[in-house]
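Protein chains: 2
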Amino acid sequence: MTTYDIALIGFGGVNRTLAELIAARGEALNSELGFGLRVVAITDLRLGSLVRPEGVDLPLALNLAGSETFAEHGGSADTNNESVIRTCTADIICEATFTNPDDGEPAVSHVRWALESGKSVCTTNKGPVALRGAELTSLAEQNGVHFEFEGAVMSGTPVIRLAKKMFAGLKLNAFEGILNGTSNYVLGRMEAGLDFEAAIQEAQALGYAEANPAADIEGYDVQLKVLILANELLEAGIELKDVQRKGISTVTREDLRKASQEGRRWKLVGSARRNPDGTVTAGVAPTALPLDHGLAGISGATNAASFDTDLLGPVTVSGPGAGRVETAYALLSDIIAMHAAKAGAAAHV
Amino acid sequence: MTTYDIALIGFGGVNRTLAELIAARGEALNSELGFGLRVVAITDLRLGSLVRPEGVDLPLALNLAGSETFAEHGGSADTNNESVIRTCTADIICEATFTNPDDGEPAVSHVRWALESGKSVCTTNKGPVALRGAELTSLAEQNGVHFEFEGAVMSGTPVIRLAKKMFAGLKLNAFEGILNGTSNYVLGRMEAGLDFEAAIQEAQALGYAEANPAADIEGYDVQLKVLILANELLEAGIELKDVQRKGISTVTREDLRKASQEGRRWKLVGSARRNPDGTVTAGVAPTALPLDHGLAGISGATNAASFDTDLLGPVTVSGPGAGRVETAYALLSDIIAMHAAKAGAAAHV
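So the protein sequences, as listed, match chains A and B. Residue numbers are given in this note's numbering: position 31 of the first sequence equals residue 31, and the series is strictly consecutive. Residue numbers are given in this note's numbering: position 43 of the second sequence equals residue 43, and the series is strictly consecutive.
If you're looking for bench data, these hints aren't it; they were derived computationally from the structure. Mixed in with the good hints, there may be bad ones.
Put simply, identical chains are the same to the list, so a pair is met inside one copy or across any two.
[Said to hold, decoys possible] Below, in silico cross-link-like pairs of lysine-lysine (DSBU-like), each with a Cα-Cα straight-line distance of 35 Å or less:
#  : residue 1 : residue 2
1  : K258      : K246
2  : K246      : K342
3  : K171      : K342
4  : K164      : K246
5  : K164      : K342
6  : K241      : K171
7  : K342      : K258
8  : K258      : K164
9  : K171      : K246
10 : K342      : K165
The task is simple: from the sequences and hints, build the whole structure.
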């Protein structure tokens with residue numbers, strides 16, 4: 001049986017959960033998926049790095065005491081991501097660090113180093129895909145490796161891969177989605193009577209909203225996701241500045257009340273549409289949807305994406321948009337897709 | 001490039017639309033999908049049969065005058081489906097006739113003859129899958145061919161294949177769905193104030209409901225679909241009698257009014273769940289769903305299926321549940337899946 005050696009770049013919630021999954025269910029996964037997974041390197045800003053070509057002791061790595069680092073267990077106290085990514089024996093780099101929304105760093109560099117050194121990459125970061133997607137995809141092709149990023153949109157809910165694999169033979173003309181759980185939760189609570197500030201505080205208390213909720217509330221997060229979907233699924237070839245952005249901070253309780261009377265619900269909708277001239281118009285804006293619209297019933301922190309296809313009309317998928325386990329599954333689903341592609345490619349040799 | 005020779009069994013709405021798609025978009029499909037399609041036989045109860053190993057003239061077959069049959073064009077006036085299916089040169093049989101809900105005939109025999117003679121089958125009929133699924137799947141395996149039936153549930157909306165391909169590595173514990181557009185439309189119109197009879201008449205006028213609407217309204221249609229999904233996705237190993245059935249004719253306008261006041265909506269829900277002891281409980285029943293339930297917002301003739309997975313929680317797909325073009329696409333998606341499986345299998349030789 002094939003075993004893929006993987007390196008975990010960033011050992012926060014997502015990659016840690018992936019390691020827990022492998023430790024707890026490795027054998028079951030092997031028999032179900034037809035391949036094994038072995039962690040051969042972990043790097044983390046706080047914990048340092050641990051490189052073990054023969055396989056990291058996962059229970060040890062997962063159960064460090066509060067102040068311990070990998071240095072006390074034969075690893076290094078500092079984190080030279082470039083060196084680890086380029087020289088470790090991993091087949092696949094699982095990138096789950098963080099993204100500066102201006103340039104996608106440090107995730108973009110992590111992905112680039114991996115692809116340049118002939119390693120496949122799965123990432124849950126929006127930055128590399130949204131801001132450097134074309135460059136990195138082309139780099140992966142040049143090096144004969146894979147670049148997968150299902151977790152960049154709606155965590156592990158199949159969206160990018162669903163549209164690419166399940167819609168073969170269909171023409172995809174447009175999509176629209178509720179792609180940010182925090183803003184959707186806030187709008188729902190405002191419908192229930194809370195004011196904007198109270199709804200945000202509640203979302204923060206529940207862990208949905210960050211201390212600075214602007215990325216969620218002002219549509220920056222959705223803007224990146226729309227950019228990813230437009231380029232990946234509509235071959236839009238557009239940049240961040242081409243995605244119009246308007247957040248929900250301008251939506252008032254009065255707007256919500258009025259919409260309710262008219263049989264509508266306000267949602268923060270990210271969308272893109274291919275125009276007759278071939279260009280793509282993309283944007284994020286609060287929209288008062290009629291109740292029979294496929295996205296009007298998406299409540300709470302749930303996300304959804306609706307695809308407008310020629311033969312089926314609209315097809316919608318909804319599911320979790322965030323969460324550690326949900327996002328760790330996105331990485332696993334990326335590796336499963338790489339394995340399937342390898343089997344398919346071998347058929348054409 | 002591979003070309004698959006196909007036979008169309010039944011030349012009513014669905015297979016006729018598939019033929020139109022091939023005639024209109026054949027070249028584009030080739031370049032997009034990596035394979036060609038050639039129709040080498042058509043049989044139809046009314047039109048007779050036309051067998052052409054070198055390829056049927058599709059414009060001719062599609063444009064017969066009102067009273068013409070295939071007999072006037074070198075075919076036969078009568079339809080010996082068994083002989084055509086067993087002896088024609090097709091690689092794939094596209095079965096779109098009709099199903100007797102008691103024994104699945106004549107579709108079951110069509111599928112059996114094809115598989116026995118070493119031909120793959122795609123069908124849009126519920127009967128063969130629901131009533132003889134295990135037998136026919138095993139027959140396909142014995143003969144090294146494929147048996148695909150995405151169109152049996154929710155027409156071309158990916159449901160069976162979505163759960164099988166997109167949920168790798170997940171445990172599927174249960175599903176629930178709105179699997180009949182007619183009953184969902186009728187409930188929606190009753191919510192809007194129509195009485196049961198008027199809502200059904202409107203559905204009939206729109207072409208949603210048949211002259212005898214019992215299959216839709218009394219849950220027989222959903223019962224078959226639940227049986228298919230339970231056996232295919234939960235390995236339930238159950239029979240039709242194991243799927244409890246209750247239709248919507250007992251739901252009153254008063255029930256709907258009361259639910260509306262309580263923030264609920266009545267839906268005809270088909271569902272199945274794996275119990276702790278490994279058995280599966282399956283049924284169809286009208287259910288008053290809370291508004292934040294993923295299926296509560298599914299309006300009109302739209303269908304939806306919601307899957308309860310271990311790592312992602314509920315993931316829901318919604319889309320068309322019927323329609324000629326939508327169901328013809330289901331057949332095309334089945335053939336695409338056969339092609340992909342062939343490529344994958346070749347890798348393991």
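TODO: Could you figure out if K258 and K164 sit no more than 35 Å apart (CA to CA) within one copy, between two copies, both or neither?
DONE: neither (39 Å within a copy, 43 Å between copies)
TODO: At 35 Å max between alpha carbons, let me know whether K171 reaches K246 within a copy, between copies, both or neither.
DONE: within (28 Å within a copy, 38 Å between copies)
Open item on the list: Treating 35 Å as the Cα threshold, decide for K258 and K246: within, between, both or neither.
Closed with: within (20 Å within a copy, 39 Å between copies)
Task: Within, between, both or neither, where K164 and K342 count as close if Cα-Cα is 35 Å or less - done: both (17 Å within a copy, 19 Å between copies)
Task: Intra/inter-copy verdict for K164 and K246 if alpha-carbon distance must be at most 35 Å - done: within (28 Å within a copy, 38 Å between copies)
TODO: Could you figure out if K171 and K342 sit no more than 35 Å apart (CA to CA) within one copy, between two copies, both or neither?
DONE: Both: 26 Å inside a copy, 24 Å across copies.
Task: Copy assignment of K342 with K165, given that the CA separation must stay at most 35 Å - done: both (15 Å within a copy, 16 Å between copies)
Open item on the list: One pair to classify: K342 and K258, alpha carbons no more than 35 Å apart. Within, between, both, or neither?
Closed with: Answer is neither; intra-copy 54 Å and inter-copy 56 Å both fail.
TODO: Could you figure out if K246 and K342 sit no more than 35 Å apart (CA to CA) within one copy, between two copies, both or neither?
DONE: neither (41 Å within a copy, 47 Å between copies)
- [ ] If the cutoff is 35 Å on CA atoms, where do K241 and K171 land: within, between, both or neither? Let me know, please.
- [x] within (26 Å within a copy, 41 Å between copies)
Hint violations for this structure: numbers 2, 7, 8, all remaining hints satisfied.
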